[in-house]
Amino acid sequence: KNEVEQSPQNLTAQEGEFITINCSYSVGISALHWLQQHPGGGIVSLFMLSSGKKKHGRLIATINIQEKHSSLHITASHPRDSAVYICAVRGGNQFYFGTGTSLTVIP
Amino acid sequence: NAGVTQTPKFQVLKTGQSMTLQCAQDMNHEYMSWYRQDPGMGLRLIHYSVGAGITDQGEVPNGYNVSRSTTEDFPLRLLSAAPSQTSVYFCASSYQGGGDAFFGPGTRLTVL
Chain A
1 KNEVEQSPQN
11 LTAQEGEFIT
21 INCSYSVGIS
31 ALHWLQQHPG
41 GGIVSLFMLS
51 SGKKKHGRLI
61 ATINIQEKHS
71 SLHITASHPR
81 DSAVYICAVR
91 GGNQFYFGTG
101 TSLTVIP
Chain B
1 NAGVTQTPKF
11 QVLKTGQSMT
21 LQCAQDMNHE
31 YMSWYRQDPG
41 MGLRLIHYSV
51 GAGITDQGEV
61 PNGYNVSRST
71 TEDFPLRLLS
81 AAPSQTSVYF
91 CASSYQGGGD
101 AFFGPGTRLT
111 VL
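Order-wise, the sequence lines are chains A and B.
Each residue of the first sequence is one higher than the one before, starting from 1 at the first, in our numbering.
Each residue of the second sequence is one higher than the one before, starting from 1 at the first, in our numbering.
No lab work stands behind these hints: they were computed from the structure.
Among these hints, one or two may not hold up.
With a straight-line cut-off of 25 angstroms between C-alpha atoms, the simulated DMTMM-like cross-links for lysine to aspartate or glutamate are [to be verified]:
{"hint": "1", "chain 1": "A", "residue 1": "55", "chain 2": "B", "residue 2": "100"}
{"hint": "2", "chain 1": "A", "residue 1": "68", "chain 2": "B", "residue 2": "59"}
{"hint": "3", "chain 1": "A", "residue 1": "54", "chain 2": "B", "residue 2": "100"}
Note that the structure is predicted; figures quoted are calculated from it, not measured.
I would like the entire structure built from these sequences, with the hints used as guidance.
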């Protein structure tokens, strides 16, 4: 069973496009995290959300606790945004991870 | 702050060999955890700890041991490596009450 489901699995966009990645979860959570992993690289945390919406530069993350759903938006996408984006939720003492969305932004 | 550090970055083992993956953090985080990342499967929890002297199993604990003698260090031991343990291993830490999760750079392990 997958506690966290992400869509799409793969995404190719032209530079400048608006991008949305979706995450649904089935467990009770204290927080939801959006993570970024570049090819062959480490994992960095982009956002931690427990309600509402957060914005960092061109990235926006939203969460709807009632619907158990979160979205990550990238405005004016750029080739350097190419990476795997991972949704993770914290339930008690455990984190549960989605399988990731592989984003490629073409110049 | 160095954040979360992991050593080694790469390791090749033969079946049956043992080794320890090191993880350390300097942020005084209570919660530390080990994950393995395999293609198409996402990160899976191996073991975690909520403080010195306290450890617990995650989703895929078989073949791995951990200990937490200090707040800073959380080593992962492979007692008898198997090819099925070929993976990329990440250590992470956070405050027990919540907050951002910080990940180490990962260890790429190959078992022949």
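Comparing the hints with the structure gives:
Taken as a hint, the residue 55 of chain A and residue 100 of chain B pair is honoured in the structure, with Cα atoms around 16 angstroms apart against an allowance of 25 angstroms. Taking the CA atoms of residue 68 of chain A and residue 59 of chain B, the gap is near 22 angstroms; set against the 25 angstroms cutoff, the hint holds. This hinted pair checks out: residue 54 of chain A and residue 100 of chain B have alpha carbons roughly 14 angstroms apart, not beyond 25 angstroms.
Hint compliance for this structure: every hint is met.
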